[in-house]
Structures are given as structure tokens and as C-alpha cells.
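Those protein sequences? They're chains A and B, same order as listed. The numbering of the first sequence is the UniProt record's numbering, which starts it at 1 and goes up by one. The numbering of the second sequence is the UniProt record's numbering, which starts it at 1 and goes up by one.
The set of hints was computed from the structure by calculation and includes no laboratory data. Treat the hints with care, since some could be wrong.
Below are the SDA-like pairs computed for lysine to any residue, each with C-alpha atoms no more than 25 Å apart in a straight line [said to hold, decoys possible]: (1) K134(A) to P48(A); (2) K134(A) to D184(B); (3) K134(A) to K11(B); (4) K134(A) to V121(B); (5) K134(A) to G61(B); (6) K127(B) to R135(A); (7) K216(A) to P5(B); (8) K216(A) to K127(B); (9) K134(A) to E152(B); (10) K181(A) to P48(A); (11) K134(A) to G141(B); (12) K127(B) to A31(A); (13) K216(A) to R126(B); (14) K216(A) to G61(B); (15) K216(A) to R145(B); (16) K8(B) to K216(A); (17) K216(A) to H227(B); (18) K8(B) to Q123(A); (19) K216(A) to D184(B); (20) K4(B) to P40(B); (21) K90(B) to V200(A); (22) K134(A) to S138(B); (23) K216(A) to G147(B); (24) K134(A) to K8(B); (25) K127(B) to P139(A); (26) K216(A) to G241(B); (27) K216(A) to P69(B); (28) K127(B) to R17(A).
Part of the chain B face toward chain A, derived, beta carbon under 10 Å [to be verified]: (29) N19; (30) P106; (31) H107; (32) L118; (33) L169.
Across the chosen pairs, the derived CB separations fall in these ranges [claimed, not checked]: (34) G234(B) to N151(A): 54 to 64 Å; (35) L53(A) to P84(B): 45 to 55 Å; (36) Y46(A) to G75(B): 27 to 37 Å; (37) A193(A) to S41(B): 54 to 64 Å; (38) S138(B) to E60(A): 22 to 32 Å; (39) R247(B) to V39(A): 50 to 60 Å; (40) L155(A) to Q87(B): 24 to 34 Å.
For each residue, glycine too, the CB sits at the ideal point set by N, CA and C.
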Amino acid sequence: MTFDLDLIISFLPDILRALGVTILLWIVGSALGILVGFVIAVLRRYGPRGLDLALLAPVELIRGTPFLVQIFLLYYGGPFIGLSLDSVTAGLVGLTIYGAAYYSELWRSGFNAIPRGHIEAAQCVGLNRRQTLKRIILPEMTMLLLPSMVNMTILMLKETAILSIISVPELTLAVSALGTKYYAFVEGFAILALVYWALVEACSAMGRYAERRLSKYRFAAT
Amino acid sequence: MTEKPAIKVEKLVKRFGANTVLSGIDLVVPRGQVTCLIGPSGSGKSTLLRCIAFLEEANEGLIEINGEPLGFTSGEYGERNRLPAAQIQKVRSHIGMVFQQFNLWPHMTALGNVAEALVTVRGMPRKAAEERAMAQLSNVGLSARAGHYPSELSGGQQQRVAIARALALDPDIMLFDEPTSSLDPELTGEVLNVMRELAQSGMTMLVVTHEIGFAASVGSKIVFLDHGEKIVEGRPDEVFGKPRHERIDQFLDTYLDRGAATLL
Chain A
1 MTFDLDLIIS FLPDILRALG VTILLWIVGS ALGILVGFVI AVLRRYGPRG
51 LDLALLAPVE LIRGTPFLVQ IFLLYYGGPF IGLSLDSVTA GLVGLTIYGA
101 AYYSELWRSG FNAIPRGHIE AAQCVGLNRR QTLKRIILPE MTMLLLPSMV
151 NMTILMLKET AILSIISVPE LTLAVSALGT KYYAFVEGFA ILALVYWALV
201 EACSAMGRYA ERRLSKYRFA AT
Chain B
1 MTEKPAIKVE KLVKRFGANT VLSGIDLVVP RGQVTCLIGP SGSGKSTLLR
51 CIAFLEEANE GLIEINGEPL GFTSGEYGER NRLPAAQIQK VRSHIGMVFQ
101 QFNLWPHMTA LGNVAEALVT VRGMPRKAAE ERAMAQLSNV GLSARAGHYP
151 SELSGGQQQR VAIARALALD PDIMLFDEPT SSLDPELTGE VLNVMRELAQ
201 SGMTMLVVTH EIGFAASVGS KIVFLDHGEK IVEGRPDEVF GKPRHERIDQ
251 FLDTYLDRGA ATLL
């Protein structure tokens, strides 16, 4: 068997289209996950105690089961409860829910890491709760959470490959289809690995750049 | 209003669970003077200050700031009624607070820290707020450091920025919670100097401190707390001079080397 790169090149337009779907699902899914995760963390922190417990269960359920199982249940099990989604929508919803559970825990750890005194100082100069959240807590958390947020977002990219199981026309599905058709698994999956890796490196590089830019905001020694 | 004391505390009780930290404290802080709260660790002096800053809510008793009730009023039958948030905020705006840990916001420059509430709370335009913040920083001798972040400042500089941040809002009472306790002896001096100048300008100050020398020289009134109770209160010479209360003697012995204690 030869390493047939020509095959990959001849299907490049298809592969690029699939790459586009992967990137779109990754970015939109991560962004929504970060947003929904933030809302969950805020509700759990500032809402009534019952709400905290009510949100704890789904977060733990999502964190406690494989993404593959979740996405399978959502796509194939959804219609039984009247939730018929096309594969891309199901993929995006699934990614968002999955990401939100993890991101909400990151946000939660961020809230806990802000020194109480920084919030008290804001209270003392008259900032209300919303102003304190917006002007003090959020920016401080961004700085504290950046490395772990980047890490989770990298994981989100790799989880998009799972969406091939429900036929989302993303990169892994496109390449494995080629593999099956032309028996070119090695070429396909080698390219696949390189592409994911390149995306992860790009994401990490952006994260490192942001960390460097934010480094002067680090907590002062007292 | 002028005849009312700046701060009046009546029968204040604060418990944390089963632990009573303040057991019925009465305190009057006269206007335009420096009142120092001293006492061993765990005596309740910081908790008292935090209750006056409304960072802690007392369980019983009342606090008045410039004659206005803070947080609670006493009802017809002696019950306590909580005041609306806007009223609490209004009374609180008379007070500036300085913390042991400085508590500057790390993502803002020194100037940003001082200007923040002027813009966000007072609604001043950014430019005007920064001009006022700059004036405050130059009062504490830090105009050259305005663009630095807290992580780029020494502890003493951070605390001076924190003082400028509180003063920018034009409070008429300043509370200090062990402002020099996390500083090296070398840096303590620069913060105490700023506080001395502030005292000379006629600011009403309530200072929790372990700096007995500062308390004795700048304080008009010393209040000694122990186990949540006020033990002694008076002018520095009355409190530290001889004959002195037995607990003060013990305190000075344990807190200072004897050489410093006999200087008083």
C-alpha cells in the first residue's frame, strides 16, 4: 500500500468544506457553551438554593457520561420525546450542552477564586452587584480562567469528531468516508490528525498571546 | 448635624454562629479627630470596624453615621427594622474604607482604581474622573505611578493608592483596618505619613492598628477592646500613662518590646 496523497488532494474541496463545518461547530459550540455555562454558574451562585441543586444534577450527569452516548441519545432518542433535530442542529445543541456543563464548573471555580476583599472594596466605593460583576469580577475571572478556558476549548474541538457518528458532515466523517471508499485510512487519518493538531496549536498560540498581554494584570503580592 | 458625633455605636452585638465577637459595644467617634481601636487579635476590633463599614451586619444594636442610622433603625417596640438599600448606600457614601490587604483591582492601573467609582457610581465623564483621580494620587505622592498596575507597585504604594481611591469619593469619615499590618517596617512609614497628613487636614478617622506609636502620637482617643468588650477608653496619655489598666499593661508587654512601651 502506498501513501496516496493525490487522493487527498483530489478531494480537497470536499475536505475543506467539511473542515469549515468542523470549525463552525467548534467556534459556535464553544461560544454558546461558555455563555450558557456562565449563566448556569451565575444562577447557581446568586439564585435560590433550590436552583443550585436543580442545576447541579444535569451538570453532573453531563460530566459523568461520555459525549458519544449523549449525542447518540439526543439524535436518535430525541424523536421519542418529540425532539427531531437534523444532524447539524443536534450536533450543535449537544456540543453546547456538553460544553456548558464543563465551562459552568470553570466559571464556578473562577467566582470562588476572586478574593473577597476585591468585592468588598467595590461595595465600599458604592458599586452595586451588577457593576461589581461587570467591572471587577468578570475581568478578574477572565485573567484567572484563561488557561483553563483555552484547555477546555481545545477539548471541544476534538469532541466535534464524535459528531461523525450522527452523520454531521464534518471533517472526521468526510475523511473516514474517503477511507472506506478508497481504502485510504492511513492517508486520511494522518491528514486528519495533522489538521486537528494545527487547529489546536493555533488556539493555544492565541491563548498564550492573550496570557502574555494580560500578564501585567496578575494579582499583586501583598 | 455638627453637634452629632461622626459615628455613634450603641450596644452593638455581633455573633458568628455560637461565637460572640462583639458583646454590646458602645462607641462615639468625634468629628475631625483620630480615634484608634487597639487590642489583641480576636478582640473584635476589626469586626467592629467592618460593621461600621456595613461589610458585616451586626445582630443587635444600632450604628449612626452623622446622626443618620446605618442599615437598621430601632422601631417602636425596640425591634430593628432594616432600611432600604438606597438609604444604606447613601449613609455609606460618607465613609471611606482602607483594608489591610489593600484590595486594589489587579486589572486596573493605579489611576483606573481611583477613577473607577467616580465613573461607574458617580457617573462622571472618564476624563474628568481621571483628572480628579490624578489629583488624589499626587496627594499621596504617587502621580508618577498613575499608569502602573498593582502588581508593579510596592505594598506601601498599593496602600497609598487604596487611600487615594477611598478619598476620591470625598468621604467625611475614613476607616482604616490595620492599614500597615501587611507591610514591611520600611514601607509602614510612608503609609503612616499619609495618614498623619490626612489627620492634620481634619479628617475624621477610625483606625484599627497595632502601631501603638502612631495611636499614641496621632490619636485623640484610644479605645482598647478585649474579648468583644470595651475595656478602656480615653486620651492616649490617660490610656497609656501611669497608672494604667492592668490589661493595657499586659497588652503592651506582649505586643511591644518593653523598650517601646516605656517610651510612652
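Cross-check of the supplied hints:
| no. | hint | verdict |
| --- | --- | --- |
| 1 | K134(A) to P48(A) | holds (21 Å) |
| 2 | K134(A) to D184(B) | violated (34 Å) |
| 3 | K134(A) to K11(B) | violated (38 Å) |
| 4 | K134(A) to V121(B) | holds (13 Å) |
| 5 | K134(A) to G61(B) | violated (34 Å) |
| 6 | K127(B) to R135(A) | holds (18 Å) |
| 7 | K216(A) to P5(B) | violated (44 Å) |
| 8 | K216(A) to K127(B) | holds (23 Å) |
| 9 | K134(A) to E152(B) | holds (24 Å) |
| 10 | K181(A) to P48(A) | violated (56 Å) |
| 11 | K134(A) to G141(B) | violated (30 Å) |
| 12 | K127(B) to A31(A) | violated (34 Å) |
| 13 | K216(A) to R126(B) | holds (22 Å) |
| 14 | K216(A) to G61(B) | violated (45 Å) |
| 15 | K216(A) to R145(B) | holds (14 Å) |
| 16 | K8(B) to K216(A) | violated (43 Å) |
| 17 | K216(A) to H227(B) | violated (42 Å) |
| 18 | K8(B) to Q123(A) | holds (22 Å) |
| 19 | K216(A) to D184(B) | holds (23 Å) |
| 20 | K4(B) to P40(B) | violated (30 Å) |
| 21 | K90(B) to V200(A) | violated (51 Å) |
| 22 | K134(A) to S138(B) | violated (28 Å) |
| 23 | K216(A) to G147(B) | holds (12 Å) |
| 24 | K134(A) to K8(B) | violated (35 Å) |
| 25 | K127(B) to P139(A) | holds (22 Å) |
| 26 | K216(A) to G241(B) | violated (49 Å) |
| 27 | K216(A) to P69(B) | violated (42 Å) |
| 28 | K127(B) to R17(A) | violated (49 Å) |
| 29 | N19 | violated (19 Å) |
| 30 | P106 | holds (5 Å) |
| 31 | H107 | holds (4 Å) |
| 32 | L118 | holds (9 Å) |
| 33 | L169 | holds (6 Å) |
| 34 | G234(B) to N151(A): 54 to 64 Å | holds (60 Å) |
| 35 | L53(A) to P84(B): 45 to 55 Å | violated (31 Å) |
| 36 | Y46(A) to G75(B): 27 to 37 Å | holds (30 Å) |
| 37 | A193(A) to S41(B): 54 to 64 Å | holds (60 Å) |
| 38 | S138(B) to E60(A): 22 to 32 Å | violated (54 Å) |
| 39 | R247(B) to V39(A): 50 to 60 Å | holds (54 Å) |
| 40 | L155(A) to Q87(B): 24 to 34 Å | violated (49 Å) |
In this structure, the earlier hints numbered 2, 3, 5, 7, 10, 11, 12, 14, 16, 17, 20, 21, 22, 24, 26, 27, 28, 29, 35, 38, 40 are contradicted, and the remaining ones agree with it.
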